[in-house]
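*Asks:* Sequence:
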Amino acid sequence: MIQKQISIFLLLILFSLTSVAQTGAKDNLLFLLRKKEHLAQALVTTEQLRKPENKTYIRPGRIVVILCGEEVKMLTDTASAGLIYKAELQNVDIVACGLSLKKFNLEKEWLLPGVQYVANGFIKASELQKMGYLSVEI
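Per my numbering, residue 595 is the first one in the sequence shown, and the count goes up by one each step.
Since the hints were derived computationally from the structure, they do not count as laboratory data. All clues given are correct.
Below, simulated DSSO-like cross-link-like pairs (lysine-lysine); rule was C-alpha separation at most 27 angstroms, straight line:
hint	residue 1	residue 2
1	K702	K718
2	K620	K718
3	K702	K630
4	K629	K667
5	K718	K697
6	K629	K696
From just these sequences and the hints, can you work out the full model?
*Replies:* In C-alpha cells, the structure reads:
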C-alpha cells in the first residue's frame, strides 16, 4: 500500500514538473550593480538570453537593474543616455538607489529619462528576491 502511494506521489511530481516546463514559465532577473561597466555587460547578457537560440534553462521575464554606489552618477549624465535607451529597447528597468544619490549629493529629478528611483536599492533588491527574482550581484 505504501509503495503504491509513493508511486502515485512520484507520478504527480513528475506530471507537475512536466506541466511547468510546458507552460514556458519565465524567470524574472535582478542585477544589483556597483560599477558602470557592469551595466553594459548586464545588457549584453540580457540580449543573449532573449535570443531565440538561447539554449540555457533561463527564460527571462521581467529584468531589473539596480545601480548603487558612486556609479549612480552615470544615471544623471547625458553620456549614458545611449545605455538607458538600449535598456528600454530590451524592456530592462534601470533603477537608481536613493541612498547612493543622497550620498553623492544628486537629486532624483536629475535622473535621465527612463531611469526609475527607489529610496533604498538594497531593500528593493531584497523585496524582488523574496518575490522569486533570480539575483546577480556584481
